[in-house]
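Q: These are the residues of each chain, in order.
There are 2 protein chains.
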Amino acid sequence: MTQEYPSRALERAVDEFSQLPGIGRKTALRLVLHLLTRPEQQVQGFGQVLTTLKTDIRYCQTCHNISDSEVCGICSNPKRDAGTVCVVENVQDVMAIENTMQYRGVYHVLGGVISPMNGIGPSNLQITSLVDRVKAGGINEVILALSPTMEGDTTNFFISKRLADTGVKLSVIARGVAVGNNLEYADEVSLGRSIVDRTPFV
Amino acid sequence: MTQEYPSRALERAVDEFSQLPGIGRKTALRLVLHLLTRPEQQVQGFGQVLTTLKTDIRYCQTCHNISDSEVCGICSNPKRDAGTVCVVENVQDVMAIENTMQYRGVYHVLGGVISPMNGIGPSNLQITSLVDRVKAGGINEVILALSPTMEGDTTNFFISKRLADTGVKLSVIARGVAVGNNLEYADEVSLGRSIVDRTPFV
Numbered sequence: 010m011t012q013e014y015p016s017r018a019l020e021r022a023v024d025e026f027s028q029l030p031g032i033g034r035k036t037a038l039r040l041v042l043h044l045l046t047r048p049e050q051q052v053q054g055f056g057q058v059l060t061t062l063k064t065d066i067r068y069c070q071t072c073h074n075i076s077d078s079e080v081c082g083i084c085s086n087p088k089r090d091a092g093t094v095c096v097v098e099n100v101q102d103v104m105a106i107e108n109t110m111q112y113r114g115v116y117h118v119l120g121g122v123i124s125p126m127n128g129i130g131p132s133n134l135q136i137t138s139l140v141d142r143v144k145a146g147g148i149n150e151v152i153l154a155l156s157p158t159m160e161g162d163t164t165n166f167f168i169s170k171r172l173a174d175t176g177v178k179l180s181v182i183a184r185g186v187a188v189g190n191n192l193e194y195a196d197e198v199s200l201g202r203s204i205v206d207r208t209p210f211v
Numbered sequence: 010m011t012q013e014y015p016s017r018a019l020e021r022a023v024d025e026f027s028q029l030p031g032i033g034r035k036t037a038l039r040l041v042l043h044l045l046t047r048p049e050q051q052v053q054g055f056g057q058v059l060t061t062l063k064t065d066i067r068y069c070q071t072c073h074n075i076s077d078s079e080v081c082g083i084c085s086n087p088k089r090d091a092g093t094v095c096v097v098e099n100v101q102d103v104m105a106i107e108n109t110m111q112y113r114g115v116y117h118v119l120g121g122v123i124s125p126m127n128g129i130g131p132s133n134l135q136i137t138s139l140v141d142r143v144k145a146g147g148i149n150e151v152i153l154a155l156s157p158t159m160e161g162d163t164t165n166f167f168i169s170k171r172l173a174d175t176g177v178k179l180s181v182i183a184r185g186v187a188v189g190n191n192l193e194y195a196d197e198v199s200l201g202r203s204i205v206d207r208t209p210f211v
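Chain order of the listed sequences is F and A. If you read the first sequence in our numbering, its first letter stands for residue 10, the second for the next number, and so on. If you read the second sequence in our numbering, its first letter stands for residue 10, the second for the next number, and so on.
FYI, nobody ran anything at the bench for these hints, they're computed from the structure. Nothing here was measured: the structure is a model prediction, and the numbers come from that model. Note that CB positions come from ideal geometry on N, CA and C, so glycine has one too. It is possible that part of the hints are untrue.
As the list claims (entries may be wrong) - In silico lysine-lysine, BS3-like type, Cα no more than 25 Å apart, as pairs:
#1 Lys170/A x Lys144/A
#2 Lys63/F x Lys35/A
#3 Lys144/A x Lys178/A
#4 Lys88/F x Lys144/F
#5 Lys63/A x Lys35/F
#6 Lys170/F x Lys144/F
#7 Lys35/F x Lys35/A
#8 Lys178/F x Lys144/F
#9 Lys63/A x Lys63/F
#10 Lys88/A x Lys144/A
#11 Lys178/F x Lys88/F
#12 Lys178/A x Lys88/A
Stated by the list, open to error - Counterexamples of contact, computed for chain A against chain F with all Cβ distances above 10 Å:
#13 Ser138
#14 Asp174
#15 Ser180
#16 Ala187
#17 Ser199
#18 Phe210
Stated by the list, open to error - Just some of the chain A residues that point at chain F, by a computed CB distance under 7 Å:
#19 Ala22
#20 Glu25
#21 Glu49
#22 Gln53
#23 Leu62
#24 Lys63
#25 Ile66
#26 Asn74
So that you can see chain F by itself, here it is in the shape it has in the complex (with noise of 0.2 Å):
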């Protein structure tokens, strides 16, 4: 379908809009219309906010996660274990792990995980910077927390092999039946390692 625009100020918006992942066109259309009925200060605002976002969102320099500061607020907490580090893909997964509440540790955020079909080889990652930080000693384990994918085998793969001769404790998240679900409606793969992984009952 052409789209005629009526005016190119919109057209430039649209264009904006529509450039973000899982917003089509007609989305971008609705969006910018919505954002003409706001009051012009909010938009300014929301303007401004995206202006000076790369500027004022910083990475920690141990961790690599987003922070505000040189070293994030989960590093410099001195209640933190900084001798158990979960290694992560992302900042979602970050606080995907914070929100359960089950883990006092610091973090890694690679940054991506190793994926050929996508042109990201280990140098696109925060690897090296993890094995300095383990070779730097203070550290006795490190958990691979990365998604149970190919890429995630693969990139756990790669990353124990660059550990091997630092003799830290390397563990992975258990894989096993999600809790609340239905057995029947499991997955193969995932029973199976729930099995082959068991634990022994309280």
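With chain F held as given, fit chain A onto it using these hints.
A: For chain A alone, coordinates are given in the frame of chain F:
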């Protein structure tokens, strides 16, 4: 679920995106993290477009469509039939009808339909300016092209009452479009037919 963002700047950006219709906090976070992977100049450009959005976009003084100038491209086009006015709800509807290539008249954008549930009365819409436009003369026919919903029908009825003493020919788009759907989602063939097959109102 509690969401604790690792950075205030990140949270501010997520707040802004999640105020858009149909975008929750999880999607908003995904959009912001996507923006962080883009070059700084692009993200700044996006911010600039939003900052000046409300001042850049103007509305046609005649038909109230979005425009870059005081009179929009359709109203100022001498090839369009200024004696036929198509009354629509919003900008998307103008674009949808333009895309059918079946209409050579001009428009009148109401800015909505009468909807007491949402607190939208006749005074919130460009109805008086439509009546003034018809009374000023030079208009032979007014085509009502509102969504075939309860609110659309109510608005059609209200406009027909207000225009009753002007003697202008009043027609309504054929109900070739499925009743209950919003106009902007109608397919082009049905929408085109509904304009060609317009019938006298009442």
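Q: All hints are to be evaluated individually against the structure, with a verdict given for each.
A: Cross-check of the supplied hints:
1. Lys170/A x Lys144/A: holds (14 Å)
2. Lys63/F x Lys35/A: Roughly 20 Å separates the two Cα atoms, so the pair holds.
3. Lys144/A x Lys178/A: Distance of about 13 Å is within 25 Å: holds.
4. Lys88/F x Lys144/F: holds (23 Å)
5. Lys63/A x Lys35/F: holds (20 Å)
6. Lys170/F x Lys144/F: holds (14 Å)
7. Lys35/F x Lys35/A: Holds, at about 21 Å.
8. Lys178/F x Lys144/F: holds (13 Å)
9. Lys63/A x Lys63/F: holds (23 Å)
10. Lys88/A x Lys144/A: holds (23 Å)
11. Lys178/F x Lys88/F: holds (22 Å)
12. Lys178/A x Lys88/A: Roughly 21 Å separates the two Cα atoms, so the pair holds.
13. Ser138: Ser138/A is indeed farther than 10 Å from all Cβ atoms of chain F, at 18 Å.
14. Asp174: With a cut-off of 10 Å, Asp174/A remains clear of chain F, as the shortest Cβ separation is near 32 Å.
15. Ser180: Given a closest Cβ separation of 24 Å, the condition holds.
16. Ala187: holds (18 Å)
17. Ser199: holds (14 Å)
18. Phe210: Given that every Cβ of chain F is farther than 10 Å from that of Phe210/A, nearest at about 27 Å, it holds.
19. Ala22: Holds: closest Cβ of chain F sits about 5 Å from Ala22/A, inside 7 Å.
20. Glu25: For Glu25/A, the interface hint holds, since the closest Cβ of chain F sits about 5 Å away, which is under 7 Å.
21. Glu49: holds (4 Å)
22. Gln53: OK, holds: Gln53/A within 7 Å of chain F, min 5 Å.
23. Leu62: holds (6 Å)
24. Lys63: Holds. Min distance 4 Å.
25. Ile66: Constraint on Ile66/A satisfied, holds at 5 Å.
26. Asn74: Since the shortest Cβ distance to chain F is 5 Å, the answer is holds.
Of the numbered hints listed earlier, not one is contradicted by the structure.
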